[in-house]
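All chains should be modelled from the sequences, with the hints used to inform the complete structure.
Chains as they are written, first to last, in the numbering used here: chain A, 1 to 310; chain B, 1 to 247; chain C, 1 to 247; chain D, 1 to 249; chain E, 1 to 249.
Calculated from the structure, these hints are not laboratory results.
Idealized CB from N, CA, C, for every residue including glycine.
Any given hint could turn out to be false.
[Stated by the list, open to error] For each label pair, taking beta carbons as the anchor points, the in silico distance ranges come out as:
#, chain 1, residue 1, chain 2, residue 2, range
1, D, F10, A, H192, 52 to 58 angstroms
2, D, K244, B, D45, 41 to 47 angstroms
3, C, K76, D, A83, 52 to 58 angstroms
4, E, F14, C, P110, 48 to 54 angstroms
5, A, N157, E, L157, 52 to 58 angstroms
6, E, V234, C, S135, 38 to 44 angstroms
Here's the letter readout for the chains.
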Amino acid sequence: PGGKVFAEEQIVYRLKWLINASTAGDVFASSQGFFSREKLNVEVKAGGPERDAIRELELGYAQFGVASADQVIRALSKGARVKVLAQLFQVNPLQWIYRADAFTLTRPMDLAGKTIGITYGGNDETIMRALLASAGMDETQVVLAGVRYDYTPFFQNKVPIWPVYRNTQGILLSDKLKAGEERVSFFNPAEHGVRFVANSVVTSKKMMDQAPETVRRFTKALLAGWEAAMMPANETNVIRALTVHDRDTSKPVMRSQLAATRLMIQSNPDIPIGTIDTEAWRQTEQIMARQGLIPGPINVVDHLNPDSGL
Amino acid sequence: MKAKLFSGFPLTHDAQMSLLSCKDIRFQYPGTKTPLFDGLTITIDRPGFHALFGPSGIGKTTLAKIISGDIAGFSKQVKASGKGPCLYTYNQERLPGWSSVGRHVEQSTPEGRESLRDHLIHGFGLSNLLGMRFSQLSMGQCNRVNLLRYLLQDFRLLIMDESLANVDEPTREIIIYQIKSTFPKAGFLYISHNVVEVARFCDQIIVLRGRHKNPRTRLIVGQNHQKSQPLDKGALEASMLEIMNAA
Amino acid sequence: MKAKLFSGFPLTHDAQMSLLSCKDIRFQYPGTKTPLFDGLTITIDRPGFHALFGPSGIGKTTLAKIISGDIAGFSKQVKASGKGPCLYTYNQERLPGWSSVGRHVEQSTPEGRESLRDHLIHGFGLSNLLGMRFSQLSMGQCNRVNLLRYLLQDFRLLIMDESLANVDEPTREIIIYQIKSTFPKAGFLYISHNVVEVARFCDQIIVLRGRHKNPRTRLIVGQNHQKSQPLDKGALEASMLEIMNAA
Amino acid sequence: MLHRRIYQFFIVYFLGIGLLFGIKLVLGLSDYVIPGPSNLWNTATAEWYRYLGDVLNTFTVAVVGQVLSIIIALTVGVVGRKATWFGSFIKVAAYNVQAYPIVAIAPILFILLGDGYLTRLFIAAMICYFPLLLSVIGIMGEPVADIEHFYRITGRLRWQLEVKIRAFENLYKLTTVISGSATLAMAGTIVAEFIAANAGIGYSIRIALYQSDLSKILVALFMIGITLSFYQGVLEMLGTSLKKSWAGK
Amino acid sequence: MLHRRIYQFFIVYFLGIGLLFGIKLVLGLSDYVIPGPSNLWNTATAEWYRYLGDVLNTFTVAVVGQVLSIIIALTVGVVGRKATWFGSFIKVAAYNVQAYPIVAIAPILFILLGDGYLTRLFIAAMICYFPLLLSVIGIMGEPVADIEHFYRITGRLRWQLEVKIRAFENLYKLTTVISGSATLAMAGTIVAEFIAANAGIGYSIRIALYQSDLSKILVALFMIGITLSFYQGVLEMLGTSLKKSWAGK
Ligand SMILES: Nc1ncnc2c1ncn2[C@@H]1O[C@H](COP(=O)(O)OP(=O)(O)OP(=O)(O)O)[C@@H](O)[C@H]1O
Ligand SMILES: Nc1ncnc2c1ncn2[C@@H]1O[C@H](COP(=O)(O)OP(=O)(O)OP(=O)(O)O)[C@@H](O)[C@H]1O
Ligand SMILES: [Mg+2]
Ligand SMILES: [Mg+2]
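Right under this line is the structure:
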């Protein structure tokens, strides 16, 4: 019989969020055949608020996934055996948007007396608290306001400092305000010493032990996909690939989003895409431990596999 | 004494006009093949206690509803004299359950008829039942309570569709005498399957006859007996026979 | 011919035993002050067409339900002879509305009684109504259809609570004669307010009397008239008088 | 009846939109808080066709979900109608499960059912069935003495017959609740898509919300409303003809 | 009746928990996916008191929301019961608003009502009222001819009396639906808190979800269930005594 001698391996890859510019490399790796070149048949599944890639790994619904660092650390503290393969975002896209004409935030002390939106229970809460603590500020010096998916309080200026994903929502919001003749700025905690890791690629320890070769091939293909997706030359193709899934974002917006994403995936051209920032992971664990979000130390560094894709 | 008590009660009926006249009524239930009535004509020329009589299923209830307007669309063909509406009451009506029978009757008594009400309650043998809910009454008690509240209303004609069917004969007799003496000038159409009763108490008896008989109705004169009168047994039997032959 | 037709029908009643005996029944409706029955005792010593008679509200329906078990808790005090249950039927029962009356009756006919059913349908004057829904029937038609389906069942005693109250007299007469001739050895307890009827057709008549009368019941022997017999008018009037005096 | 439902929906919808524009005008809100008419119109012309597809997708799930929920409600209602221990237990179980907000048990559902069509269907059915259940229990728990007496006393009253009698006697109430529950099935499916799907109008609404695009949401609501009005109208017509054929009137 | 409801709830809850533990055991899952007994127990002892407070907070909103929704449902149901144009219009409006998933109209609500107590109450009432409405329309739309005839023919049948008669004749169905709707009010309030509040158990569940902490969610579900069983039991007792006092039986 002709055709393929080896069947492609069936893989499910669960993203953390809906498909948008933040998942450019994931989608591109799949659409441009990076996976199939590695003899992998990968189904890239969009995530969502009720999705949890780590749970799906354990239940066998997925073999690889994207999870935020706080998810990984929490899961590890509860005995989940999960391994980090690559860190996609070098800079956490979670930042705070505000109207540039109203005030300027150059240092954490500038937050004093202002109303800041945080998602209670979300990692923006953790980050903001860590930031305030590292700046030696008391929480009573600011007003924390719980926010949800609905931006109306920000639009109405009731909560003037609002947490957003800089590379996606950030672009949309600044466009909207621009249309209303208002300028925006972003407040980025990483610039003030809080380096809280964002999305990373994870798999289960079982996968790691039983199919190291698959893990290697997957990581390699994925990172190659990201590499290609981030090249400005490929922008049109990336946008085409994303538009298949994301029909709601216009191309100009997507272009801006991709530009912003690039700066976060590859903040320093010398550091290869996917590099795990061990120091940032250590800091992330410390922050979580200090805020009582995990019961004790878990040495997250032991669960990072910086070489898996090489 | 009783008669005097209610001399103040407005008697709305004009003895000069005919009580009821139905002309050329045609009615067919939807979904049935033949009309129940086809050109039915009836006249009763004076107020009083009259009857509508005929075998089961012949159309008494239907005709009654047509006259009262419960079946709509016959306002042109049906005429009744006097002021006030034609009321139709039947033996399966119920009173609401949330308070006692006495309270409901009280609430549906028009102003100024309180003594009439108390008089009827007593005469109908309901005095001891006023504190009960309707659902606790026996069938005959239900019949009586229901009829009573209708008698308190304004009407030019009251059609009683087997309204006393579940009441024992002695009580029924008392009630009929009482109605006749209390409302001597009002119009009643009494539907009953009891020939003796109809022949004895009613003034005129409309007998509804089978679909293929001609004419469809016969008007027979009954004994229209009052409590104080002597009863002529022979005449009664003649009326009964006439009714039975007509049906 | 009719009687022969159904000679195969199982007549489950043993003429030696008493049909019904109730002993020392005490019953009070919850929420009422005085018991309706207090030590009530009744015996009917043989099958046949009997009656339960008494003024409205005296407790006929209640007693009937106690006997049939519709009001539970009296299995010790109530004994009835023969096989099969005591059935209780009343004039306000309805048949389900989703198919025709004929279909419902068909479905509730026990096997082997189809010819009995057809015989009764014809005798009750229901042949033309089988295609109709129950809600389209007149009151007397409802009465007949309902009674008919009970007669097709197994029973040791059938209590008919005003089951023919809304049927015209000639039809009622036909039906009663038919029941008596078709089920000569079964037990019936017929509740009716019609003295003539009760005195003429019933064998024994239990008269329930007012709360303060002693004894609470009287057993009167009626004419138990059959279709073929001559009717002794004098004896009938005597029975009627006896019943009326007892009540 | 059908066209009346639809033009009445138009009135309702445009009253609502008018109200929003009124608020915008009075409070002087900018376009990103409440979109203006031209913005809305542009969005409508650009998106209506795609949203129609999404709504129809959602709609098919909703219909299956509704059928499922009718079955569940009838089953639970019939079992739970009796005042027995088991009946009341079933009721307690059904009520409790209902009290748990679907968002809270969604993680558990994902563990049990995985993601995809089944979960979507299940959530839709869960949201839709409870109101049906309440009515079914209310209807099935109450005897229709005048009809049931014969069957009870002659030993013929199987539970099927009992259920049939009570359903028939309350046909108007049942058809009202069932045709009304279409609304709930639709809303339930949308919620399910909102939390757990990659298709359907709920998913589109979710993205529109994420992008803070109120005009898209308003267009989506229009498509939902028109579809539902149509469906409801059809259900009511079915209900009427059922009543006609079953009750013969 | 009350204690029966509560111990039946215990059975339901522990059956559910047992099922989860079973899955955990069979599939060898970590505490992250399904918490183990000791994990659950620790969370329970640590959090039950705080969650109790949250549940009671939610509960008070739910009760007010339920009362509100009963009022709305009765009002709309009474107006919409007639087969007139206006009646059917009110019905269309009520049905359509219901079909819009609350998450989609939350931004609009937010603009109109702000966030906080009112929005929470409103959403709770919105979720709870619709099933009530369906029953009320079903009940109010059907005449009770044998009782109403007298009042109609004598010109006494005001709408209040008509409503009273139909309500009374369907008291069992109404009390079933109303006491059952407590569940919906509770679920509705939780949803409201989930999408639009900073207090109550819905808000706590939301945080627990963010933290992927299933054991907290299970403890929260327990507190919700027990409160609701209690409330439901009380409502049923009230219903029974209402029936007693109103219907005299
Ligand atoms: N809704 C209906 N649809 C079709 N036919 C009907 C309907 N109601 C009554 N009928 C038929 O019309 C005829 C007359 O019915 P109606 O109730 O007027 O009789 P009636 O004279 O009052 O009888 P009864 O003395 O038994 O009450 C009957 O044969 C009945 O079957
Ligand atoms: N549920 C109940 N609660 C209280 N009292 C009741 C109840 N049902 C019946 N009664 C009373 O018990 C008495 C007997 O009622 P029952 O129905 O047995 O009378 P009946 O002899 O059949 O009368 P009728 O000939 O009028 O049908 C009546 O006075 C009635 O008011
Ligand atoms: Mg009639
Ligand atoms: Mg009786």
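Here's how the hints hold up against the structure:
Remark: the range hint 52 to 58 angstroms for D:F10 to A:H192 is upheld by a beta-carbon distance near 54 angstroms. Remark: the range hint 41 to 47 angstroms for D:K244 to B:D45 is upheld by a beta-carbon distance near 44 angstroms. Between C:K76 and D:A83 the CB atoms are about 26 angstroms apart, so this pair departs from the stated range of 52 to 58 angstroms. For the pair E:F14 and C:P110, the supplied restraint of 48 to 54 angstroms holds, since their beta-carbon distance comes to about 49 angstroms.
For the pair A:N157 and E:L157, the beta carbons lie near 56 angstroms from each other, so the given range of 52 to 58 angstroms is met. Judged by the Cβ atoms, the range 38 to 44 angstroms given for E:V234 and C:S135 holds: they are separated by roughly 41 angstroms.
Hint check: a violation occurs at hint 3 only; the rest are consistent with the structure.
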